[in-house]
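A.B. asks: Spelled out, the chains give:
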Amino acid sequence: EAQVTQNPRYLITVTGKKLTVTCSQNMNHEYMSWYRQDPGLGLRQIYYSMNVEVTDKGDVPEGYKVSRKEKRNFPLILESPSPNQTSLYFCASSLSINAGNTIYFGEGSWLTVV
Amino acid sequence: DAKTTQPPSMDCAEGRAANLPCNHSTISGNEYVYWYRQIHSQGPQYIIHGLKNNETNEMASLIITEDRKSSTLILPHATLRDTAVYYCIVRPRNTGNQFYFGTGTSLTVIP
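For the record, the sequence lines run as chains A and B. With this note's numbering applied, the first sequence corresponds to residues 2 to 115, in that order. With this note's numbering applied, the second sequence corresponds to residues 25 to 135, in that order.
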């Protein structure tokens with residue numbers, strides 16, 4: 002089954018404690034992306050990746066890092082989480098960004114930073 | 025500097041057609057219009073997309089105006105399970121490879 006898998010789905014952590022949210026897709030997609038969703042602000046893009054070893058900033062990259070060492074994985078790293086990073090996070094993937102390709106989303110990761 | 029403009033909310037009677045509008049006046053010629061929906065806080069679900077021609081699938085129809093500056097998503101027979109936030113997305117000109125979600129339209133299907 003084609004899917005985008007995120008882990009963990011729910012996490013409560015403390016300020017400053019490094020954490021990683023993993024994202025994996027099984028569709029051999031080139032394009033992957035991370036979004037955060039906050040009330041009243043819709044979905045905002047954090048980082049995206051066009052292919053292995055190619056990443057770029059989205060609208061709200063501050064406080065986040067990503068890596069794309071393998072095609073299927075695109076982890077989101079919070080080196081020193083702060084309470085303003087409490088949010089619902091979505092990973093997404095697509096065959097490519099340059100055509101009318103469907104974007105597939107994961108089920109989301111609820112992150113609370115206290 | 026909105027990329028798409030949608031009404032914040034709409035109601036629709038169960039069984040009737042739901043018509044959700046979207047303005048995207050800065051869309052360029054090779055950019056697609058996508059529609060997604062999000063039920064509660066689940067992952068956004070793909071509905072349909074199009075470039076110039078009207079499109080139809082098992083979920084919905086997409087009507088794109090001839091000048092491509094606006095589109096309408098049509099759910100032909102809305103059910104209670106169609107209650108969700110609907111997002112119209114385009115890939116804007118001169119902004120690389122990002123996809124922008126607006127704040128969407130919250131559709132409530134009323135029994």
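The set of hints was computed from the structure by calculation and includes no laboratory data. Glycine included, every Cβ here is placed at the ideal spot set by N, Cα and C. Be a bit skeptical, because a hint or two may be false.
What the hints assert, rightly or not - Across the chosen pairs, the derived CB separations fall in these ranges:
(1) B:Thr80 with A:Lys18: 29 to 39 Å
(2) A:Pro84 with B:Thr80: 40 to 50 Å
(3) B:Arg40 with A:Asp60: 14 to 24 Å
(4) B:Gln69 with A:Thr16: 27 to 37 Å
Stated by the list, open to error - One side of the interface only, derived from the structure: several residues of chain A facing chain B at Cβ under 10 Å:
(5) Gln7
(6) Asn8
(7) Pro9
(8) Tyr36
(9) Leu44
(10) Arg45
(11) Tyr65
(12) Ala93
(13) Gly101
(14) Thr103
(15) Tyr105
A.B. asks: Compare the structure with the hints numbered earlier in the document and write down the numbers of the violated ones, lowest to highest.
C.D. replies: Violated hints (numbers, rising): 1, 3, 6, 7 and 11; every other hint is consistent with the structure.
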